[in-house]
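Number of protein chains: 2
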Amino acid sequence: MIEPLERLIEVLARLPGLGRRSAERIALRLARDRNRALTDELIAALTELRTRVAQCRLCGGITTAEANPCAICTDPRRDPGILCVVEDPADIAAIEASGAFTGRYHALLGRLSAVRGEGRHHLRADELFRRVESEHIEEVVLALDTDAESEATARWLAEHLAALRVKTSRIACGLPVGSGIAYSDPQTLEQAIRRRVPL
Amino acid sequence: MIEPLERLIEVLARLPGLGRRSAERIALRLARDRNRALTDELIAALTELRTRVAQCRLCGGITTAEANPCAICTDPRRDPGILCVVEDPADIAAIEASGAFTGRYHALLGRLSAVRGEGRHHLRADELFRRVESEHIEEVVLALDTDAESEATARWLAEHLAALRVKTSRIACGLPVGSGIAYSDPQTLEQAIRRRVPL
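Read top to bottom, the protein sequences are chains A and B. In this text, residue positions in the first sequence follow this note's numbering: the first is 1015, and each later residue adds one. In this text, residue positions in the second sequence follow this note's numbering: the first is 1015, and each later residue adds one.
Same shape as in the complex, but just chain A (with noise of 0.2 Å):
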């Protein structure tokens, strides 16, 4: 492979979801272009993220440089004493999809990590604490994932909250619905019933 293309590859291949031959796939399609107008738009609107896209400084989600603090967390409508944490933006768009969290949110961009050697100052974790004090949050909803390391940054949080005397919940673990008990993995099953509700 020539080697402006290698490195195209080598980019589009440190991309989330692309491997070594889906990167292949699109930067050939990109070359193949004769008049390259995939390319330029492709280079237009990377060009327009990385001058109009900025980070919310309230509760770390995406914004634009003019709309700062974010649409969400200037809202009037949403709830403002109930903050829902995320760790990451993406997290944020998938639970507006849902429709079900008419509060703000926080997100922590990063967890505790052992392994990686990252601990409080890695996440956004003083800034919610800051939060919860000066804007008198009365919930805290922990949405965090369901690995080792988002488990010990969720207990991590809990305590810390608790000492704020803040109310705080974690949204719940179980069986995604429309999926069937034989086809769910042993660890959810196991949530799903030390999580059961009474009816």
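Every clue listed holds true.
One-sided and incomplete, this derived list gives chain A residues near chain B with beta-carbon spacing under 7 Å:
#1 Ile1016
#2 Leu1022
#3 Gly1031
#4 Ile1040
#5 Leu1042
#6 Arg1050
#7 Leu1063
#8 Thr1078
#9 Ala1104
Quick partial rundown of chain B residues pointing at chain A, CB under 10 Å, derived from the structure:
#10 Ile1023
#11 Ala1059
#12 Ala1085
#13 Ala1107
#14 Tyr1197
Derived list of chain B stretches under chain A, where covered just means 3 residues or more per stretch with a C-beta under 8 Å from a C-beta of chain A:
#15 1015-1021
#16 1025-1039
#17 1042-1052
#18 1062-1074
#19 1098-1106
Honestly, the hints are just simulated from the structure, not real lab data. Because the structure is a prediction, the values reported are computed rather than measured. A virtual CB, placed ideally from N, CA and C, is assigned to each residue, including glycine.
Since the structure of chain A is already known, use the hints to place chain B on it.
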């Protein structure tokens, strides 16, 4: 989703192999990066593709502006008497990976399509016929995909090549019907080239 991000997602989703969800995931990954390092690398690699990558004026494959004709076309170790005809530069890369072909290539960059109304001038067919005569080609190996449009293109090319009295063969066994050259594994392609049959 904020507008600059929405625009990037829309462009990304037009790349091969990416749907709306995978495009969202990539855009959010780029947006959450505070120093924009990955976005910058991507813009730089795409800009280099835009400025340095060219179409080989002989085979239609991918090369740089400085190396035109391409490294394969000008390689004195390649058999000058045999041409492998492919649809797309991606197919050249896949066949090269198989190591089974020692001649040179000719990329059609299109195919006959009654549905899209694309005839002989939508593919580099006249360039192929001219090359067969001027370069004294002894054998043309057709390595096209195996769907209906590619089959029709192969039959049409075989007819015209017969009139030029050049031996024409077609890669054969091993290619699952309905699949594409670029996504075949090297072993399958090696067999398909080795067992090519005269037309």
